[in-house]
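Colleague: Residue numbers (the working numbering), protein chains in the order written: chain A, 92 to 575; chain B, 11 to 496.
Everything labelled a hint here was simulated from the structure, so no lab data went into it.
Keep in mind that the hints are not guaranteed to be accurate.
Said to hold, decoys possible - Below are the BS3-like pairs computed for lysine-lysine, each with C-alpha atoms no more than 30 Å apart in a straight line:
#1 B/307 x B/489
#2 B/453 x B/417
#3 A/174 x A/162
#4 A/404 x A/574
#5 A/245 x A/288
#6 A/245 x B/423
#7 A/195 x B/153
#8 A/280 x A/162
#9 A/404 x A/365
#10 B/496 x A/457
#11 A/195 x A/174
#12 A/404 x A/280
#13 B/429 x A/195
#14 A/288 x A/298
#15 B/13 x B/153
#16 A/574 x A/298
#17 A/288 x A/404
#18 B/429 x A/529
#19 A/174 x A/298
#20 A/533 x B/153
#21 A/570 x A/529
#22 A/195 x B/417
#23 A/195 x A/112
#24 A/529 x B/307
#25 A/162 x A/529
#26 B/453 x A/457
#27 A/288 x A/379
#28 B/423 x A/529
#29 A/379 x A/570
#30 A/397 x B/453
#31 A/174 x A/529
#32 A/533 x B/417
#33 B/13 x A/533
#34 A/404 x A/457
As the list claims (entries may be wrong) - To give a feel for the contact side, a few chain B residues facing chain A, derived at Cβ under 7 Å:
#35 209
#36 226
#37 254
#38 255
#39 256
#40 350
Ideal Cβ placement from N, Cα and C applies to all residues, glycine included.
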Amino acid sequence: MTMKTRFLLIAALLIVSCTGKTVLSDQLPDIYPDYIGVTIPVGIAPMNFNLPEGYDRVFVRVTGSNGGEIKCRGSYAGFPVRKWHELTAQNAGGTLSFTVLGRKDGEWTQWRDFIMYVSDALLDDYGITYRKIAPGYTTYSRIGLYQRDIHSFKEEPIIESTLTPGQCVNCHTPNAADPSEFLFHLRGKHGATLVQKGSEREWVTTKTDSTIGNVAYCYWHPGGNWFAGSINPVRQCFWTGHTRTIEVFDLASDLVIVDARDYSVIADPRLTTKEYLESSPAFSPDGKTLYFCRSVAFNVPAEVEKVKYDLMKVSFDPETGALGEPETVIPASGQDRSIAFPRPSYDGRWLMYNKADFGVFPISHKESDLWLMDLETGESRPIDEVNSDFSESFHNWSSNSRWFLFSSRRYDGLYVQVYFSSIDSEGHCTKPFVLPQKNPRKFYGSTLYSFNVPDFTSEKVHFDTRGVYETVFSDERIKASVKE
Amino acid sequence: MDKVYRWMLPCLLGVAVFAFWMWLFPQDLNYQEQNQLFLFTWDYLGERLRLPGGPADWLSEFLVQFFYWRWAGAMIMGLLAVLLQRAVWRAAKHAGVPGHASAYVLTLIPSLLVLVYQGDVEVLLSYPVALLLAVSLCPLFIKAGWHRLWLLPLGCWLIGPMVLLPLVVSVIQGRRWADFAMVAFAAVVFYVEYRLLAQQYPLRDALFGLNYYRLVESLPALQWIIPIVCGVVILLCSQRFSLTRPVPAAVIVLLLIAGGTAWGVSRTYDRDSQETLAYDWLIRNRRYGEVLRRARKYQPRNAVSASAVNLCLFLEGQLQEHFMEYYQCGTEGLILPSIRDNLSDSPSAEALWMMGMPNITLQYSFDLQESIQNGRKSGRFTSRIAECNIVNGWYDRAVRYLDILEKSLFYSKWARERKRMIQDESLVMADPYYSYIRSVRFKDDFITNYNALDAMMAILYNQNKNNFMAAEYFSVWQKLKSVEEK
């Protein structure tokens, strides 16, 4: 065989192998996560996605309505971070069009192009924080608070349970997404509430002679001098059927206000009654109103389905800490429903909350949805744009209140993921998208952790782990007192 | 003769250690295997390599997965013991000029001490693996001189703080003042690696090894005594000394070592714990009759053993007639309440599963797995979690667990079969095991209550009279309750 013949043969082989027939489909591609038609902020981490199992290669071309193009190929659609950021910046207020080809059994398919909307509403927070915990039952081996840069795929631990063995790390609570003031609670034998203001760190025992325990679920007053917290011995029980597994409830629940300057506690008798369960505190952005949820106390767990929380509010004087008379905002119990996690937007325009059939832990309630209240008109509506057939639960606002995140079990009914959506001045929300991952199917399909109590963080959280173990186990605490 | 002696001793050691695990304490191998789930994935490897001592840990977990086969586990243990003995002798040869063969007997001590230490079932295989690698590094450290400046950080990452052993041996053997600066350097290396790789752990834990022991907040004395003894043995064996009657001396030392080992084993291998572990192992392998045979000879007086024996009594058709012939401790000895450890609820979870309570089984299995204190998963419990999800018809959730199991060696085939099964509902219904549990499970949805477990058993029996297990357990529960009340 001459050189020329060899060359021609090789060329012919290459041509045959490269010119496989491409099937054109008028269907949209079945991508995971469902990013078709979602609205994304400029600078979000690349919206990588996967084709269904069986497709071993994918080719994607993304073109912006305002120009720009990126291409990628591989076993999944993974876009380079820098180019992706440039493309989204170039197309703010416009759209990105995705042309997707996938190869299965050697045959290529090209689907109908789909688009993503690039919002002109900024999401300039650094990232989000969350607790990762194996979902379900009473025990955990590894648990931790983490922060994730939402502009890339970088995740870092803030604190993991390995540092404080045997203590359960409760949720990270910053002041309106500002990590220069944050707190979290450790449950366990050496429990304490950590309060960090700037570089100063204090470990506090918030239990007093007048209260039933330490504060667990907290919310900062916007001024930073106070935080409200619910004190609730949480218990879990289990269902026998195959529609639900677990029920979480409070044996008792009170609400207190803590003065973060001297750790004195206001235990107002109107919010610490035995007849009622008070929970889920949240201050309004002007700091003059405290929202919370309240239910009549029942014998739990036997009567757990009767525990239904109303949305309440009480006026608050940030100078003196004086509380007004509690008022009912939404009498959900009268409608046979229950409200949890009221979260006013930081611009004071909206109030988002959960509504479920009963209880104050909507995460285990499949029927739990997100609702939005217009604080100007007082009208509420379910946010159908983001709700699913599965549980939507904890939620929070971005610093500029143009975006919100929420946790949802829509992936498989058990594992909780974080979703993002934007809201316009009329209260219309956009189709949500799940927190992007480098290889989403691999990540979300294999993780054994739920993303619990997510929140935005405007800056990176700085938490020095040095000395934490020693302090926690020394039980050296600032002891809270009852405010005179 | 000398050569024969030098090969005979390690062979004897290997055979003895193999027999020890194969026939005396195979349940410990099962316990180690069921408290980890080795996965052939880059993520799994990456997770291990992120910590100081991670490579040794990964290697040991790779080995432990073979404990699924009892004989393979025993062989690995025997092999490790022999390799450690050989490594000690090799290190001694590099550290000096060994004297008479009587010193050779001393090289058995580290392997046998490890055997004694492993009577504590929470000792991870990472410990002997790291020790073996540390001893194997001794000749390199002795020769390395200033190369130890890079060997030390590398060794620290490979095997954790055990790297101090070759460092100290090389420093003592070298007898140079400058070498002592290496100790200060080691302190710097440890702290830097701690801050870089392990800052989410207490410094104390990092100093004593993150992967050597399963339980947190515990530091068994033998964990640091063994490396010291190992170093002493290496240095002692490297000394030239002559004995007037070397052979009798060697025999006496050998007898002393054997006697010491026997005494150590009797101290660390707690009979009650071992019997309880054995019941769990036998139940896992469906050898119910053997549990009863063992219990007739000796039964630990704890609720876990009672629940295991009662389960086996039922499965052997003897519960109603013979349960009072065995140790009982009230209703807890029938089904334990949820306990936060990685063993106690195991027989109870098995009983609840067979009785038709998949949700409580799910809770127990999940809690058993999450109670593994070093955060590892378990092939056995993950399989059961997947099964509970299959029975409940939660196939999306089941797939997640089956996907994980598919990446293991010994659970992969099982997981693939289940994945195929849940693609077709008729295959699930055709499975005798799952369809039975579906047929006997609760028809109504209500909140479970451990204190009303007997009432729940009654409900199960009343809704399906074929559920003999619920009926028998209910009946025995009542009898035990009345005994308790008296």
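Colleague: Now, for every hint given, state plainly whether the structure supports it.
Modeller: Quick rundown of the hints versus the structure:
no.: 1; hint: B/307 x B/489; verdict: 25 Å, holds
no.: 2; hint: B/453 x B/417; verdict: 35 Å, violated
no.: 3; hint: A/174 x A/162; verdict: 10 Å, holds
no.: 4; hint: A/404 x A/574; verdict: 22 Å, holds
no.: 5; hint: A/245 x A/288; verdict: 25 Å, holds
no.: 6; hint: A/245 x B/423; verdict: 35 Å, violated
no.: 7; hint: A/195 x B/153; verdict: 57 Å, violated
no.: 8; hint: A/280 x A/162; verdict: 54 Å, violated
no.: 9; hint: A/404 x A/365; verdict: 19 Å, holds
no.: 10; hint: B/496 x A/457; verdict: 46 Å, violated
no.: 11; hint: A/195 x A/174; verdict: 28 Å, holds
no.: 12; hint: A/404 x A/280; verdict: 34 Å, violated
no.: 13; hint: B/429 x A/195; verdict: 21 Å, holds
no.: 14; hint: A/288 x A/298; verdict: 21 Å, holds
no.: 15; hint: B/13 x B/153; verdict: 26 Å, holds
no.: 16; hint: A/574 x A/298; verdict: 13 Å, holds
no.: 17; hint: A/288 x A/404; verdict: 27 Å, holds
no.: 18; hint: B/429 x A/529; verdict: 26 Å, holds
no.: 19; hint: A/174 x A/298; verdict: 52 Å, violated
no.: 20; hint: A/533 x B/153; verdict: 46 Å, violated
no.: 21; hint: A/570 x A/529; verdict: 45 Å, violated
no.: 22; hint: A/195 x B/417; verdict: 23 Å, holds
no.: 23; hint: A/195 x A/112; verdict: 12 Å, holds
no.: 24; hint: A/529 x B/307; verdict: 58 Å, violated
no.: 25; hint: A/162 x A/529; verdict: 16 Å, holds
no.: 26; hint: B/453 x A/457; verdict: 20 Å, holds
no.: 27; hint: A/288 x A/379; verdict: 22 Å, holds
no.: 28; hint: B/423 x A/529; verdict: 29 Å, holds
no.: 29; hint: A/379 x A/570; verdict: 27 Å, holds
no.: 30; hint: A/397 x B/453; verdict: 22 Å, holds
no.: 31; hint: A/174 x A/529; verdict: 15 Å, holds
no.: 32; hint: A/533 x B/417; verdict: 13 Å, holds
no.: 33; hint: B/13 x A/533; verdict: 55 Å, violated
no.: 34; hint: A/404 x A/457; verdict: 27 Å, holds
no.: 35; hint: 209; verdict: 5 Å, holds
no.: 36; hint: 226; verdict: 4 Å, holds
no.: 37; hint: 254; verdict: 55 Å, violated
no.: 38; hint: 255; verdict: 54 Å, violated
no.: 39; hint: 256; verdict: 51 Å, violated
no.: 40; hint: 350; verdict: 5 Å, holds
Against the hints set out earlier in the document, violations occur for numbers 2, 6, 7, 8, 10, 12, 19, 20, 21, 24, 33, 37, 38, 39.
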